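Protein chains in written order, with my numbering: chain A, 64 to 194; chain B, 64 to 194; chain C, 64 to 194; chain D, 64 to 194.
Heads up, some of the hints might be wrong.
Said to hold, decoys possible - Here chain A is said to cover these stretches of chain C; the calculated rule only asks that three of the stretch's residues, wherever they fall, bring their Cβ under 8 Å from a Cβ of chain A:
1) 128 to 135
2) 163 to 169
What the hints assert, rightly or not - Quick list of simulated restraints, FRET-style, between CB atoms:
3) 177/C - 162/D: 47 to 55 Å
4) 97/C - 132/B: 49 to 57 Å
5) 149/D - 176/A: 18 to 26 Å
6) 145/D - 151/A: 36 to 44 Å
What the hints assert, rightly or not - Example chain D residues on the side facing chain C (calculated, C-beta under 8 Å, incomplete):
7) 74
8) 76
9) 102
10) 113
11) 144
12) 173
13) 174
Just so you know, the hints here were simulated from the structure itself, not pulled from any lab data. The model shown is predicted, which means the values in this text are computed figures rather than measured ones. Beta carbons are placed, not taken as given, at the ideal position from N, Cα and C, and that holds for glycine.
Protein chains: 4
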Amino acid sequence: MIDVTAFFAADRAAQAAGIELLAFGPGSAHIALTVRPDQGNGLDGVHGGVVFLLADTAFGLACNSYGRPTVARSCQIEFLAGATIGDRLEARATERMRSGRNGIYDVAVMTAPDGLLIAEFRGNSRELRPT
Amino acid sequence: MIDVTAFFAADRAAQAAGIELLAFGPGSAHIALTVRPDQGNGLDGVHGGVVFLLADTAFGLACNSYGRPTVARSCQIEFLAGATIGDRLEARATERMRSGRNGIYDVAVMTAPDGLLIAEFRGNSRELRPT
Amino acid sequence: MIDVTAFFAADRAAQAAGIELLAFGPGSAHIALTVRPDQGNGLDGVHGGVVFLLADTAFGLACNSYGRPTVARSCQIEFLAGATIGDRLEARATERMRSGRNGIYDVAVMTAPDGLLIAEFRGNSRELRPT
Amino acid sequence: MIDVTAFFAADRAAQAAGIELLAFGPGSAHIALTVRPDQGNGLDGVHGGVVFLLADTAFGLACNSYGRPTVARSCQIEFLAGATIGDRLEARATERMRSGRNGIYDVAVMTAPDGLLIAEFRGNSRELRPT
Chain A
64 MIDVTAFFAA DRAAQAAGIE LLAFGPGSAH IALTVRPDQG NGLDGVHGGV VFLLADTAFG
124 LACNSYGRPT VARSCQIEFL AGATIGDRLE ARATERMRSG RNGIYDVAVM TAPDGLLIAE
184 FRGNSRELRP T
Chain B
64 MIDVTAFFAA DRAAQAAGIE LLAFGPGSAH IALTVRPDQG NGLDGVHGGV VFLLADTAFG
124 LACNSYGRPT VARSCQIEFL AGATIGDRLE ARATERMRSG RNGIYDVAVM TAPDGLLIAE
184 FRGNSRELRP T
Chain C
64 MIDVTAFFAA DRAAQAAGIE LLAFGPGSAH IALTVRPDQG NGLDGVHGGV VFLLADTAFG
124 LACNSYGRPT VARSCQIEFL AGATIGDRLE ARATERMRSG RNGIYDVAVM TAPDGLLIAE
184 FRGNSRELRP T
Chain D
64 MIDVTAFFAA DRAAQAAGIE LLAFGPGSAH IALTVRPDQG NGLDGVHGGV VFLLADTAFG
124 LACNSYGRPT VARSCQIEFL AGATIGDRLE ARATERMRSG RNGIYDVAVM TAPDGLLIAE
184 FRGNSRELRP T
């Protein structure tokens, strides 16, 4: 495994968003975000892009945990319930499969501590070729 | 049509990200972002969540342009090429179909002025029921 | 639970394709197909539509297992490895989440008995309203 | 361009399903299917797998039209309206983008001659490496 804490600290966008690293392991990550006013959308909820950023960050930690630089090839997100400014959101990434240089990771985004499911995210990853 | 300029100005996350509104019409939007250092990922590129936020913002403007509050139900993004800090990205949202309360919108994210395709995004929208 | 065996027997397209029901439970299903020559594509492999049909059938059994008529709203499939005519394929559907009238189901399609992962499928389901 | 007519004639599953080739061009295809009783699902409609097979076949014709063997990497389908046995369905594939060995194709599936939109499909293609 890589030094996940250092990898996370280097993620500028995640830091700027105020994301916190709660736990991690090979192929998994658990992070959180308390939604700030500047993360709202025009309809008084959390911006979908912020929910995606949180899920994508958990995905990035999980798929890079093995120490090989890995990028997102495609992602899909289903928005299942709304969240509002001030809510605490947690994202848990788990590995669905890993084969060759490809991987599939699932991320559930929930409110905490209530556990309302806000979004389900699936990310397809691709390890970069060694240079 | 709604007042798209006011709708965009109310989008806190888009404003905080530094997104600019270039043009809009019924079912379409054209926006831009010059990537800041705090929008980078841990691998020296632009964070995928920032690319998504840009695409999703264009989608939100396009699907709300008719004046009925509309939310994202699901989104899919394919990452086709990387971008780096300082790059100028443009996102163009177009309407693929709209039927009943459902809509499908495509967003292409490109570098400007080179026109390298960075990502293709598809968003499924759902009009909220009148309350 | 519904009578899954009768539900499966009524699925004309699944029967015509030669799909076999191996096991089922609440929110899950396990089915198989031995690929026939008339299920090939133009490149000497199994037609992607046949792999999808197998996965979608497992999804349909799993999401209808509770006895409320439920349909597919959207599906996504990743093709991870090829299969050829004569191969035996198995699909296992599991429930990722179920909330209100919405559900998300994952289906893995593998060769048997080797267990090579051919495709990963995700289906979003929607219960029909009672009439 | 390849000989699309011959490519289509070699597609065993498309032939077995009764799909008809109506028109084609570089990056595009237009095909049709009159739904048979053995293409129904267990809920009196057309099986989603059959709608996918039709869309996927149009996608395969469009992405292979340039003469380089190309396969589906991933596909997504949104089911927008139901269809029933005896309906005539048409699928039109168009190219959204093509870059390096990757392509994205959109396929609309409609009833004919009414033009009711049944499904929207997006396929991501990948050219095989020359061997």
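* Mind listing which of the numbered hints don't hold for this structure, in increasing order? => Numbers 1, 3, 5, 11, 12, 13, in rising order.
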